[in-house]
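Q: Given next are the chains, with one letter for each unit.
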Amino acid sequence: MNDKIQIVSIFPNLLGTYGDGGNLMALQHIAALHGIETTVTEVAPGESIPSDGDLYILGGGEDTAQVAAAQALREDGTLSAVAADGIAVLAICAGYQLLGHEFPDSDGKPAPGVGILDVKTDRLPARAVGELLVQPTAQIDGTPLLNEPLTGFENHAGATHVGPGSQPLAHIVPADVKIDFDPVLTLNWNATLDGQAAVGIGNGDGTEGATSNRTIGTYLHGPCLARNPELAELLLGWAAGRKLEPIREPEVEELRKVRLTAAANYDKTTQTQR
Amino acid sequence: MGVVVQAKGLNQTIRACSSSRVTHLSKLDGVSEKVPFRTRSAVAAGRLAAKTSQRLGKGEGMVVGGKVALRLSPKAMTDLAGDRVEVLVSSTNGKTSTTRLLATAVSQTGPVATQPTGANMNDGILWALANGPVGAPAILEVDEAYLPGVVSATHPKIIIFGNLSRDQLDRMNEVAILARKWRTMLAANPDITVVANADDPIVAYAAEDASNVVWVGAGQVWTSDSSVCPGCGALLARDGSIWHCTGCDRIRPKTTWELDWTAGDQGQSGTGFAIGPDGTRYSLEGLQLPGRFNASNATLALAACDQLDLDLNKAVELMNTVTAVSGRFATVKVGELTIRLLLAKNPAGWSELVDIMPPAPTPVIITINSNAADGRDPSWLWDVPFEHLRGRTVIATGDRRHDLAVRLRHAGVDFVVVEDPYAPNAQLPPGARELDVIDCAATYSAFHELRTRADRELASSRPGRDQREQGVV
Numbered sequence: 001m002n003d004k005i006q007i008v009s010i011f012p013n014l015l016g017t018y019g020d021g022g023n024l025m026a027l028q029h030i031a032a033l034h035g036i037e038t039t040v041t042e043v044a045p046g047e048s049i050p051s052d053g054d055l056y057i058l059g060g061g062e063d064t065a066q067v068a069a070a071q072a073l074r075e076d077g078t079l080s081a082v083a084a085d086g087i088a089v090l091a092i093c094a095g096y097q098l099l100g101h102e103f104p105d106s107d108g109k110p111a112p113g114v115g116i117l118d119v120k121t122d123r124l125p126a127r128a129v130g131e132l133l134v135q136p137t138a139q140i141d142g143t144p145l146l147n148e149p150l151t152g153f154e155n156h157a158g159a160t161h162v163g164p165g166s167q168p169l170a171h172i173v174p175a176d177v178k179i180d181f182d183p184v185l186t187l188n189w190n191a192t193l194d195g196q197a198a199v200g201i202g203n204g205d206g207t208e209g210a211t212s213n214r215t216i217g218t219y220l221h222g223p224c225l226a227r228n229p230e231l232a233e234l235l236l237g238w239a240a241g242r243k244l245e246p247i248r249e250p251e252v253e254e255l256r257k258v259r260l261t262a263a264a265n266y267d268k269t270t271q272t273q274r
Numbered sequence: 001m002g003v004v005v006q007a008k009g010l011n012q013t014i015r016a017c018s019s020s021r022v023t024h025l026s027k028l029d030g031v032s033e034k035v036p037f038r039t040r041s042a043v044a045a046g047r048l049a050a051k052t053s054q055r056l057g058k059g060e061g062m063v064v065g066g067k068v069a070l071r072l073s074p075k076a077m078t079d080l081a082g083d084r085v086e087v088l089v090s091s092t093n094g095k096t097s098t099t100r101l102l103a104t105a106v107s108q109t110g111p112v113a114t115q116p117t118g119a120n121m122n123d124g125i126l127w128a129l130a131n132g133p134v135g136a137p138a139i140l141e142v143d144e145a146y147l148p149g150v151v152s153a154t155h156p157k158i159i160i161f162g163n164l165s166r167d168q169l170d171r172m173n174e175v176a177i178l179a180r181k182w183r184t185m186l187a188a189n190p191d192i193t194v195v196a197n198a199d200d201p202i203v204a205y206a207a208e209d210a211s212n213v214v215w216v217g218a219g220q221v222w223t224s225d226s227s228v229c230p231g232c233g234a235l236l237a238r239d240g241s242i243w244h245c246t247g248c249d250r251i252r253p254k255t256t257w258e259l260d261w262t263a264g265d266q267g268q269s270g271t272g273f274a275i276g277p278d279g280t281r282y283s284l285e286g287l288q289l290p291g292r293f294n295a296s297n298a299t300l301a302l303a304a305c306d307q308l309d310l311d312l313n314k315a316v317e318l319m320n321t322v323t324a325v326s327g328r329f330a331t332v333k334v335g336e337l338t339i340r341l342l343l344a345k346n347p348a349g350w351s352e353l354v355d356i357m358p359p360a361p362t363p364v365i366i367t368i369n370s371n372a373a374d375g376r377d378p379s380w381l382w383d384v385p386f387e388h389l390r391g392r393t394v395i396a397t398g399d400r401r402h403d404l405a406v407r408l409r410h411a412g413v414d415f416v417v418v419e420d421p422y423a424p425n426a427q428l429p430p431g432a433r434e435l436d437v438i439d440c441a442a443t444y445s446a447f448h449e450l451r452t453r454a455d456r457e458l459a460s461s462r463p464g465r466d467q468r469e470q471g472v473v
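Which chain is which? The protein sequence lines are A and B, in order.
Letter by letter, the first sequence follows residues 1 to 274 in the working numbering.
Letter by letter, the second sequence follows residues 1 to 473 in the working numbering.
Treat the hints with care, since some could be wrong.
Claimed, not checked - With a Cα cut of at most 20 angstroms, we get these calculated SDA-like pairs of lysine to any residue:
#: 1; chain 1: A; residue 1: LYS109; chain 2: A; residue 2: THR64
#: 2; chain 1: B; residue 1: LYS181; chain 2: A; residue 2: LYS243
#: 3; chain 1: A; residue 1: LYS109; chain 2: B; residue 2: CYS232
#: 4; chain 1: B; residue 1: LYS181; chain 2: B; residue 2: VAL221
#: 5; chain 1: B; residue 1: LYS181; chain 2: A; residue 2: ASP105
#: 6; chain 1: B; residue 1: LYS181; chain 2: A; residue 2: ASN213
#: 7; chain 1: B; residue 1: LYS34; chain 2: B; residue 2: VAL63
#: 8; chain 1: B; residue 1: LYS51; chain 2: B; residue 2: LYS34
#: 9; chain 1: A; residue 1: LYS243; chain 2: A; residue 2: GLY206
#: 10; chain 1: A; residue 1: LYS257; chain 2: B; residue 2: VAL418
#: 11; chain 1: A; residue 1: LYS257; chain 2: B; residue 2: ASP306
#: 12; chain 1: B; residue 1: LYS181; chain 2: A; residue 2: THR64
#: 13; chain 1: B; residue 1: LYS314; chain 2: B; residue 2: PRO111
#: 14; chain 1: A; residue 1: LYS257; chain 2: B; residue 2: ALA45
#: 15; chain 1: A; residue 1: LYS109; chain 2: B; residue 2: ARG409
#: 16; chain 1: B; residue 1: LYS181; chain 2: A; residue 2: ASP107
#: 17; chain 1: A; residue 1: LYS109; chain 2: B; residue 2: ILE177
#: 18; chain 1: B; residue 1: LYS157; chain 2: B; residue 2: ASP306
#: 19; chain 1: B; residue 1: LYS181; chain 2: A; residue 2: LYS257
#: 20; chain 1: A; residue 1: LYS109; chain 2: B; residue 2: SER211
#: 21; chain 1: A; residue 1: LYS257; chain 2: B; residue 2: SER53
#: 22; chain 1: B; residue 1: LYS333; chain 2: B; residue 2: ARG433
#: 23; chain 1: A; residue 1: LYS257; chain 2: B; residue 2: VAL417
#: 24; chain 1: A; residue 1: LYS109; chain 2: A; residue 2: LYS120
#: 25; chain 1: B; residue 1: LYS34; chain 2: B; residue 2: GLY231
#: 26; chain 1: B; residue 1: LYS181; chain 2: A; residue 2: ALA157
#: 27; chain 1: B; residue 1: LYS181; chain 2: A; residue 2: LYS120
#: 28; chain 1: A; residue 1: LYS257; chain 2: B; residue 2: GLU419
#: 29; chain 1: B; residue 1: LYS157; chain 2: B; residue 2: ILE192
What the hints assert, rightly or not - To list a few chain A residues with every Cβ distance to chain B over 10 angstroms, as calculated:
#: 30; residue: ASP3
#: 31; residue: GLY21
#: 32; residue: GLY22
#: 33; residue: HIS29
#: 34; residue: ASP122
#: 35; residue: GLU131
#: 36; residue: GLN139
#: 37; residue: THR143
#: 38; residue: HIS161
#: 39; residue: GLU251
#: 40; residue: GLU254
By construction, these hints were calculated from the structure, which means they are not laboratory data.
Everything numeric in this text was worked out from a predicted model, so none of it was measured.
Every residue, glycine too, gets a C-beta built ideally from N, C-alpha and C.
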């Protein structure tokens, strides 16, 4: 048990577009609800990554920044080492891509990644922009990592291929899925994606995100942790060394309800709510 | 037409551009004889569509009119522009206000064609050219993503680049990509003079290779979208307002114009001077548009006036007459409340608006939508320093009020979520109803919904008067 944790925010000025600072705020806020004290270390490029962090986070960013960040992380080496030791890492969008083996640079040529996740990213035929609604499918020893649907917004051009060394975090939920809100939020969904319109693109093959060990990469912005407290509690639980019982705040539940309903009614062809 | 209580300072020149006037003209009037027949007919058809749209109460008809005309005559923008487009203004924030300040200043030489509202995509631009005074010089604002297309269609003499920061990322992609497109555009149009804000490294990157650049130290408060050099990807360092790249030799360009701004105390307005190339200090104290960002807009406009060889003292005098611009900072009555309308559509804009709001505990209304014009992803709410609003209660409304509520919860700001705060029975925080005027910051589409609603209510409270005959803009 460790009720004082250190969160390391990696290169927030390189990888911090799309409201990603919100994930750090959400971690601090949700940790406080669980009585966990947090300290935050923000690392700028050129500075070395501390090896004594309990949770490392990386956000999205533009292509030039992404290449610079990947290079700095490979030269530093600390993030790969702590991730291999089973320390929690969360990476969003560009951060997710650069944790893999390779990703496209601004000219579309493959740039080397950090290699923490067994994923490779090339380009989607068209940019993926819109609501993303996914059902978590990742498991550890037969136990689901997460249970509640994940909601967010994606804005990327990457097609990410998950290799055998990692597993997809989730699967894209088909459009028109039925959502029950009572007594708890569940998706009434039989996992057949064939031929159905789906809410979002994610990795591009019907899956979304990737995880191995205690590293999670995802395309979910929103910010991801503000809209999905279960994921924040999973990461904070790993960092604190204890399982956190869910604490749900009414305005977050209301937001999730509204977003899930909107996503299930989202028409990808017209980009409007039906 | 937007009806704004404080429309008294607007000059007649700009009024003459409003589409409500020209709809009274006969079909082909108001377009120069030199314009090809196909485009003149297309404009006539557009007018018919615009008039129908107005009659149906679907809005001002400008976008519809422009759309119809462009469909019938794809070269209409080039035909109508001729060689009279003096200045295009593009910027993430402030383009509507800068355009209005500049158009008003330029009116010292006679009538000007400009947009009566912030319609700044192809349709709105076309309509401003079709309906402005015949042959008059045009001063137009242009959406950042549409700028390259509009430049090649209209061949402007000058372009103003104010600032580039994250806004509608779902549509604009990333700011560095946009800056690269602007570079390509300037390389293809070497005759254009660029008036550019040297304090914004992304703008500086976009303009640096142009053959004629007037660098203006117009200031930059929001630096989070320019921490990395858009040219080489290395980190930028800042020493006061002077930025430089740590990886290449890029540095803030030497300026010929400069804004000298002194902030006021909390809730008090500051004062500014625009300093010209010869050291002349033009006082911006008389500007009625509030805040540092409007002094910055005025400085850019004045630098453009200098390029146009105008009387700069007269230009300042005219800019001082501008009050509300397309409803921005206007005081309007909506339902049970009288509100001051603030357009707040992205973190950079927000970071300056917080300073002009009255101090806590005065409550404020915040309206967040995520329609196409707002950006469909409101994640940017997490980049706004809402923590500065602590000590007061925010009335959270708009389609994305629940996203705002979660953000405010995390920021430690008290809030109430209200679907329609203007309804008679709305549950508002104590003191809100007693305020003479309550500040309402709204995203783009929410802002326009409020203006429309205020207009409609004003019109219905004054039976017997044609809404279109009232105050314009």
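Q: Would you mind marking each hint as holding or not holding in the structure?
A: Against the structure, the hints:
In summary, the hint linking LYS109/A to THR64/A is supported, as the alpha carbons are separated by about 12 angstroms, within the 20 angstroms threshold. The hinted pair formed by LYS181/B and LYS243/A fails the criterion: a straight-line CA distance of about 49 angstroms is larger than 20 angstroms. With a CA separation close to 17 angstroms, the supplied pair LYS109/A and CYS232/B stays within the 20 angstroms bound. Between LYS181/B and VAL221/B, the direct Cα distance comes to roughly 24 angstroms. Violation of the 20 angstroms bound is thereby established for this hinted pair.
Annotation: proposed proximity of LYS181/B to ASP105/A holds, straight-line Cα distance about 17 angstroms (limit 20 angstroms). The suggested pairing of LYS181/B with ASN213/A is violated, with an alpha-carbon distance near 41 angstroms, which exceeds 20 angstroms. About 24 angstroms separates the Cα atoms of LYS34/B and VAL63/B, which puts this hinted pair outside 20 angstroms; it is violated. Distance restraint check for LYS51/B and LYS34/B: the Cα-Cα separation of roughly 25 angstroms exceeds the 20 angstroms cut-off, and the hinted pair is therefore not satisfied.
Of the pairs offered as hints, the one joining LYS243/A and GLY206/A is violated, with about 30 angstroms between alpha carbons and a cut-off of 20 angstroms exceeded. Between LYS257/A and VAL418/B, the direct Cα distance comes to roughly 17 angstroms. Compliance with the 20 angstroms bound is thereby established for this hinted pair. For the proposed pair LYS257/A and ASP306/B, the alpha carbon gap of about 55 angstroms is over 20 angstroms, so the pair is violated. For the proposed pair LYS181/B and THR64/A, the alpha carbon gap of about 16 angstroms is at most 20 angstroms, so the pair holds.
Between LYS314/B and PRO111/B the alpha-carbon distance is near 15 angstroms, which keeps this suggested pair within the 20 angstroms criterion. Only pairs whose Cα atoms come within 20 angstroms are accepted, and LYS257/A paired with ALA45/B is rejected, the gap being roughly 46 angstroms. Restraint check: the Cα-Cα separation between LYS109/A and ARG409/B comes to about 42 angstroms, which exceeds 20 angstroms; the hinted pair is violated. The hinted pair formed by LYS181/B and ASP107/A meets the criterion: a straight-line CA distance of about 14 angstroms does not exceed 20 angstroms.
Between LYS109/A and ILE177/B the alpha-carbon distance is near 17 angstroms, which keeps this suggested pair within the 20 angstroms criterion. Distance hint between LYS157/B and ASP306/B is fulfilled; the C-alpha atoms sit about 13 angstroms from each other, no more than 20 angstroms. Restraint check for LYS181/B and LYS257/A: not satisfied, since their Cα atoms lie roughly 40 angstroms apart, outside the 20 angstroms limit. Simply put, LYS109/A and SER211/B have alpha-carbon atoms about 32 angstroms apart, too far for the 20 angstroms limit, and the pair is violated.
Among the hinted pairs, LYS257/A with SER53/B is inconsistent with the structure: their alpha-carbon atoms are about 37 angstroms apart, more than 20 angstroms. With a C-alpha separation of about 13 angstroms, the suggested pairing of LYS333/B with ARG433/B holds against the 20 angstroms cut-off. For the given pair, LYS257/A sits about 15 angstroms from VAL417/B by alpha-carbon distance, which is consistent with the 20 angstroms threshold. The straight-line distance between the Cα atoms of LYS109/A and LYS120/A is roughly 13 angstroms, inside the 20 angstroms bound, and the hint therefore holds.
The suggested pairing of LYS34/B with GLY231/B is violated, with an alpha-carbon distance near 44 angstroms, which exceeds 20 angstroms. Proximity of LYS181/B to ALA157/A is assessed by CA-CA distance (about 18 angstroms); at most 20 angstroms being required, the pair is judged to hold. Taking the CA atoms of LYS181/B and LYS120/A, the gap is near 29 angstroms; set against the 20 angstroms cutoff, the hint is violated. With a C-alpha separation of about 16 angstroms, the suggested pair LYS257/A and GLU419/B falls inside the 20 angstroms cut-off, and the hint holds.
Between LYS157/B and ILE192/B the CA atoms are separated by roughly 5 angstroms; this keeps the pair inside 20 angstroms, and the hint holds. Interface exclusion of ASP3/A from chain B stands, the closest Cβ pair being 21 angstroms apart, more than 10 angstroms. Look at GLY21/A: its CB is around 6 angstroms from the nearest CB on chain B, not clear of 10 angstroms, so calling it non-interface is violated. The Cβ of GLY22/A does not lie farther than 10 angstroms from every Cβ of chain B; its closest approach is about 3 angstroms, which violates its non-interface assignment.
At roughly 5 angstroms, the least C-beta separation between HIS29/A and chain B is not larger than 10 angstroms, which violates its mark as non-interface. In this structure ASP122/A is separated from chain B by more than 10 angstroms, as the shortest Cβ-Cβ distance comes to about 18 angstroms. Not every C-beta of chain B lies more than 10 angstroms from that of GLU131/A, the closest at about 8 angstroms, which undercuts listing it as non-interface. Taking the minimum C-beta to C-beta distance to chain B, about 29 angstroms, the non-interface status of GLN139/A holds against the 10 angstroms cut.
No Cβ of chain B comes within 10 angstroms of the Cβ of THR143/A; the nearest lies about 29 angstroms off, and the non-interface call holds. HIS161/A, annotated as away from the interface, keeps every beta carbon of chain B farther than 10 angstroms; the closest lies near 23 angstroms. Not every Cβ of chain B is farther than 10 angstroms from the Cβ of GLU251/A; the closest lies at roughly 4 angstroms, contradicting the non-interface assignment. Residue-level check failed: GLU254/A sits 5 angstroms from the nearest beta carbon of chain B, not beyond 10 angstroms.
In this structure, the earlier hints numbered 2, 4, 6, 7, 8, 9, 11, 14, 15, 19, 20, 21, 25, 27, 31, 32, 33, 35, 39, 40 are contradicted, and the remaining ones agree with it.
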